[in-house]
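**Q** Chains as they are written, first to last, in the numbering used here: chain A, 352 to 571; chain B, 21 to 485; chain C, 967 to 1141; chain D, 298 to 1288.
Be a bit skeptical, because a hint or two may be false.
Said to hold, decoys possible - Once the Cα atoms are required to be at most 20 angstroms apart in a straight line, the calculated EDC-like pairs of lysine to aspartate or glutamate come out as:
# : chain 1 : residue 1 : chain 2 : residue 2
1 : B       : K37       : B       : E239
2 : A       : K469      : D       : D357
3 : A       : K469      : A       : E479
4 : D       : K708      : D       : E449
5 : D       : K614      : D       : D1105
6 : B       : K37       : C       : D1102
Because the hints were derived from the structure by calculation, they are not lab data.
Quick caveat, the model's predicted, so the values are computed rather than measured.
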Amino acid sequence: MLTGGAPVAAFALCALALGLAAVIAESDVRPIGLHTGYEPVQPVRYSHRLHAGELGMDCLACHVGAETSRHAGIPGADVCMGCHAQVTAGFDAVLAEREAAEAEGREPRRIVSAELRKLYDAVGLDAELRPDPARTPQPIAWLRVHDLPDFVYFDHRPHVARGLACQQCHGPVQTMERVRQFADLSMGWCVNCHRQSAADAAAPGAAAPHVSTDCARCHF
Amino acid sequence: MTDARHVLDEPLIGGAKSAADVTSDVFAPIERRATARWWAGFGVAASLLLLGVAAVGYQVATGIGTWGLNRTVGWAFDITNFVFWVGIGHAGTLISAVLLLFRQKWRTSINRAAEAMTIFAVMCAGIFPLIHMGRPWLAHWVFPYPNLRGPLWVNWRSPLLWDVFAIGTYFTISLLFWYVGLIPDLATARDRARGLRRRVLEWMALGWDGSARTWARHETACVLLAALATPLVVSVHSVVSTDFATAVIPGWHATLFPPYFVIGAVFSGFAMVLTLMLVARKVMAFEDYITPRHVGAMCKVLVFTGTLVALAYLTEVFTAWYSASPPERFVFLNRAFGPMAWAFWTMVTCNVLAPQLLWFRRIRSSLPAVFVLSLVVNVGMWFERFVIIVTSLTRDFVPSSWSSYAPTSIEIATLLGSFGLFFTLFLLFCRFVPMLAAAELKSVLPHGAPHGRHDDATAGPGRNA
Amino acid sequence: MSARVQAAVFADEGRLLAALSDARALGLDVVDVRSPYPVHGVDELLGVRRSRLPLACLVGGVTGLAGALVFQAWTSAVDWPLDVGGKPWNSLPAFAPVAFEVTVLLAGLATVFGLLVRSGLVPWSARQPLDLGATDDRFALLFVRRDMRASDAALADLWSRHGASRVVDVGEERR
Amino acid sequence: MSTDALPDAEIAVARDALLPLQRAGVGRRTFLQLAGFGAAAAVLPACSRAPDRHVVPRLDQGGEPVGARYRIATTCGGCEARCGVLATCRDGRPLKLEGNPEHALSRGGLCAVGQAELLGLYDGRRADGPQVRGRTVTWDEADAVVTQALREGGAGVRLLTRTVTSPSTRAWIDRFVRATGGRHVEVDVPSYSAALAVHEELFGVRAVPQIRLASVRVVAAFDADFLGTWGSPVAFARDWAESRDPDAPTPRFARHVQVESHLTLSGSRADIRIEVAPHELRAALAALCAALAGHASRPAPTGTAALAPGVGARLHKLAAALWAARGASAVLCGADDAPAQALCAWANHLLGNYGATVDLARPALHARGDDAALAQLLDDLGEGRVSVLIIDGVDLAASLPDARGVTAALKRAALCVSTSALEDDTRALAHVVVPAPHALECWDDAEPVVGHVSLAQPTVPALRAGRSLRASLAAWLGARGDDFALVREHWSAELHALSGTGAPFDVWFDAVARTGYVHLPRRAAQEPRPFDAAAFERFVNAPATPVPTSDTLTLVAYDSVALRDGRHAQNPWLQELPDPLTKVVWDNVACLAPATAARLGVRPGDVVRLAAADGSSVDLPALAQPGTHPDVVAVARGYGRRGTSRFAGIGPRWIESRPTPGADGVVGARVERIPPGPVHVVATGRATEIATTQDHHRMELPTHLAPRGGAVRDVARAVALAEIVAKGGGAPPHHAPPGAELWPADHAPRGVRWGLTIDLSACIGCSACAVACQAENCVPVVGRDEVRRHREMTWLRIDRYFSGDGDDLSVEHQPLMCQHCAHAPCETVCPVLATVHSEDGLNQQVYNRCVGTRYCANNCPYKVRRFNWFDYAPDDDLRRLALNPDVTVRSRGVMEKCTLCVQRIAEARIVARGAGGAAPADGAVRTACEESCPTQAIRFGNVEDPGSAVARIARSDRAYVVLGELNVQPGVTYLSRVRDTEPQGGGARDD
């Protein structure tokens, strides 16, 4: 039996109860976006590793909206077709066909990869990559990876203008075959970065504009 | 000496009971089968409770719009009921704690039931702040727990948050106080029981064995809890009153409110205790324990607190007049002569005029009259909160937004449901828990040793041999 | 080896107190008294120390007060200061009600938990209640015969002199 | 696990929601065009941790970023005033309409109707494609039916339109009439026919003169609600406000005298208001003319009749003021009564206003209807002389009294073609429906005043298959071409030359398309003939109007500010817009003078029957409305329309809810059913509860409740002009300086505090701001029952207070929204920090944090907070497209209120920072209410910047804050209304 331990026991119990309540109550934030690691299978096996990593394309080349609009945007098929009107398959496959054709002494045939065929189907091109009036163009329904709750207003422009790297929030996309949710996108994650930036901006000699943690920066 | 005391004073318990009599009297109702009257009462109460559950379910599923509120009147039945029930609870604490501290032994017949009433009333009260929320499923946001929002805490400046802590503490302390006092009686019940009932009671009685050491700590704990509960009960209704007193709305914005609300709460609580006791006395055959002396004492409390309430009403009006603030003055003119004057005059009649009848001994000693008056006071005190909340809101500063209020069927059903909950719990309490504090009653039996007078007791061992 | 505990049962508190007083004079080791309500005078005769529950209550209360004040001030003024109606970051007067309530809450909880823990009042309590009628209307004096000069006869005389209704063996002493 | 079921996700979003579009049955093609960037929630079974949400990028984005906003200049189609509009669009659809500041007439203002046009676009009930006898057909099939009938119809072809303001359409109508040999009949509701006839006879110009109010010093309006519904209210309101500047060093303040039979918006703003019954109007004008003649030492133009005591004297004062302001005054007359119009013209002629403030050389073209032609058409119809009747824009069957037999007559046309896209009484009789597109989805042009031309262009791909009258006529004449081609062709052929520009057509046209407006200086002016005195004699000697007998009242059917003639009856924003004067929504009422109502024993809400002499009658709830002449019962037109039965399902439904339409299944009662004039008014014994947003109409407290010294709540303040003049241009300050600060200065100013100034002197109560706010901020429509329960959701309300009665009636309009108090009482009481203050002085409301205790609303002294009592779903899923994607849609259980358009502040800040600036420049952020205000009464800006416009305005001596004694330190500053209540030349105040 405890001697003089009554208060200790009492507080231990209280703390336990409060902690338990907190854990239960905290479950309410889970549904709104703590989906770190979410990595859905996309309708087209598009590789960010290849495009942004190996080929070194700039993020803003395709996600044009990040500088000029709230939304970075998913590029339309017209953006893809900018390159893929010419590039219809992986380099290895084209090389193999060229070698095969040389070996067989014929003109190399056009090789169309299965994934890019989905793109051509979407824009309504036939086997010869000519517009086919019989086909109805059908946009590609991608799956959204980084998705904020609807009551949050997020605007890419000020973040890009401030010089934040895309990777800071989206992670090393250039290494991802399939895009994966990097940050937890919780409110605390946003707020704590804003706080840090506010402190940085308030430091003597800082040129960056003031960063606010006002509710109405994001919620209206 | 003891005899002299008994000559001077009516005995607290009638019928020359022995300790064993007390035990069998107190435990008989919970050990025999329920009476038809109990079933009838329980049926009515449970039906009301079901009605309330249905109404609340419909309201939560559909929207607060199923209440008669509007852009001007954001609170009406909900917070009226909340304040009403919190007030009802106050007499229980007062009887159990304050009277304990003042060594008022007549409390022993009524303290258990009064404490139970407190707990049930606070439960009824607690439902209203919860369901009055537009999104009650997010009610846990009023608690300051660590979270992933930054973390985002709560607004410690909001009286509604104070309410959370006040009501939470009040409920917890009341429950602990009640249960601690109940343990010895649960042990008695345990020792009288067999089978499953005994198993359950063994668990609930926490191994109580009547050891002198435990009794000593038990008494200390009770006194400490009473000492804590006394300022607590004052703070709770003071905090509830700050919901209004800290607001800018004329008719709410009054520094008088904390004492005014506390005294009103005691007033309404004693009325409710009287109502319940007078019924329980008859139904549970406790005439020997709840004697006219108890009723008389409570009537005196009622007339005293009722007069204080009347004083508060007058002070409120005087303050408004003396403030020379036109909106403040208007709100009282509007209460008395505006479109909701009927509610105001109902309040005055029930709370100020009716209790004055209790100055007359003949009325005090007529149990039916007291019963009716206690009901009248209950009604009046409900209207007091309604008048304060609704009439003040309907007509505040900007005349364009003046509005009116009428309850919907859902609100009325919810109010009835809260009574259903209260009486359902109370009837279950009567059925399953010793309704009188048996151990304490035994200690105040005429042959028992008065507290601190063990000389007397040791001097007369053969008195009742 | 542990001694057997026996109980002498009385019908009222007066006999119990007298018997207790005489038993102690005889040098009997009275280990406990069981009664349906607290019998005053027993504590002194048994040598029960003053309860330290008030201390637990105080510690709980002080912790609650300090904790609530510090926590409120920290959340409102330090961790995330928010402009609420133009009020100062540290709105101390507004923190008083919650501080008070938490004080009372923790003081009360400490008291009750102190009582329960110190008295071993837990639902799973190992103590088997003795059927002595001490929760009804009987008063029992529990004693252990140990190194006692008094004879069995003296003891029997003591019980009969004070009108004990019965004397029973209630089991081994638990220490 | 479904996010949809979870609390946070309940705050559903307008942002990029395409799901509703699909539900609304928008075609796949349209869907893709709209789908700049959309996400459709598709909740899959628990195979992945996150709920999968699809995002469907448009196939061809053309490098356009998704979600960027742009503005398209176009023209409002809400009425014939045809104000300039800038449509704010995003992702291929308009989200908000603003006035076009480039438009020389409306100059950036846009009225409530114009604002609500947006919702008219997103109307799922608009017809999709042509119908023949109720069957949806192809355009070719419909055209075949019509052209066949036209070929056979010959001279029996009739084209009935409302006044055509589009020059290109008019050109095609001319061609059509020439080709078919038929006739074109124009009609206005209400009619301006008498004014047209008078000006034709007196001056040889069949037109309504254009009134230039900006430079007048005295304006006298006789039954002409020029600030509300008469003529071109937005342009008039702007001019009117400009003519009244009390803050100028020497106040320039045009006196406004209104002579009217019931309270109108203009009457509510008049300095002096004179009540006359409709039958006395001619006599009043005659008295005025006689007094003017006296000043001019000329014989009175006509004999004068008796007037109510006092009226004559006031008219004499008016005449003196007008005479003193010769050439800088205006007499307006809105009565469709030729003698009255003739007297008005005579007065203006005598005062030398023609050519100065009253312009007949370049007149207004917004009203050209001819009642005689309409009567002829009805005759022709009745006698079976009409083979093909094409009706455009007029609900004739609903607009004329039943006794005129319009329904029967219309049935006699061999082929009746309607262009109405929405169900109405006339379309129900048509054989062929060729639905017109919405004004926001087609090319169009407008010339409401000679030389002022604006271009309308589509802001969205057509949501419903429609074709304008112009394109239909062209098609029926065999000239294929869409509206773009037809408009462009007309502009190329006709207007380019009139513009005086040296630029080639393409360049010029593109420039006009960008600005939306062009002035055509070379548009030929019609030189009016000299005043024809003989013709004047003919007019003034016309028979007198019938005088009501002692047991009858005169029925005045007027246009309400919201529904006008009823063409907006199917627009829920306008139906729920509180009438600026009665504050009634979703209903029209019989307005009676309080004395008359008392005499008849009628209480507000009692249903009265208005029975005309011809036996027709209409039942309406009565309302005691100050400002109504005791002999008048005034009822708003445009209600009781067939199409409003669609609103049966609007608003939340629960066990005690009641439907929005009345017992007849439609909203309100069609007062047009009975002829205006004498009616018997009798109580039916029934009563209804009128849905109003305001129960108490006076700042004076009820006398039996008024404490001594506090009988009036002076929330909307007024000051006499004389007081300002006496002080040399400054009224005494109303507000005491703020008191000492109790608290430590924890919240140091950061240099930005957003705030509003509202000039009650300029505010006319037109409610454009209220609808603009509703459109900008996704404020739901809640239905009649909810408003009856005082649960309207409008963030910006306009309080209307009466004081006095009869001729002494004074009316105040006060727009009230969240005051963004620095010491906000609402913030302190919220337990969960859902409403807190921002660094830039905004009172923020965080919907997703709100648990809905309503404590904040209780503690708001201004009662501007609004609670979502239910989920308020729109009546039509297509309406969701009107939701602003930058504003959260609030779910039930959440508090909301004015945010000072924080989304606009955010946008401006992001743009300003992107451009390297620190904060938006003054004027870079404009709230929706400010931007819409025709009189610029509302201004928004940084009150802490001493150079900002709002800070300048707030330094006015007229400035005060509402309930300043509470020291809540509001961010909204009001300027007292100034009223010129006394005769010129000084003297005591008489208010």
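**Q** State for each hint whether it applies.
**A** Hints, verified against the model:
For the suggested pair K37 of chain B and E239 of chain B, the alpha carbons sit about 24 angstroms apart, so the restraint of at most 20 angstroms is broken. Taken as a hint, the K469 of chain A and D357 of chain D pair is honoured in the structure, with Cα atoms around 16 angstroms apart against an allowance of 20 angstroms. At roughly 14 angstroms between alpha-carbon atoms, K469 of chain A and E479 of chain A fall within 20 angstroms of each other, so this suggested pair holds. Annotation: proposed proximity of K708 of chain D to E449 of chain D holds, straight-line Cα distance about 18 angstroms (limit 20 angstroms).
Between K614 of chain D and D1105 of chain D the CA atoms are separated by roughly 16 angstroms; this keeps the pair inside 20 angstroms, and the hint holds. With a C-alpha separation of about 13 angstroms, the suggested pairing of K37 of chain B with D1102 of chain C holds against the 20 angstroms cut-off.
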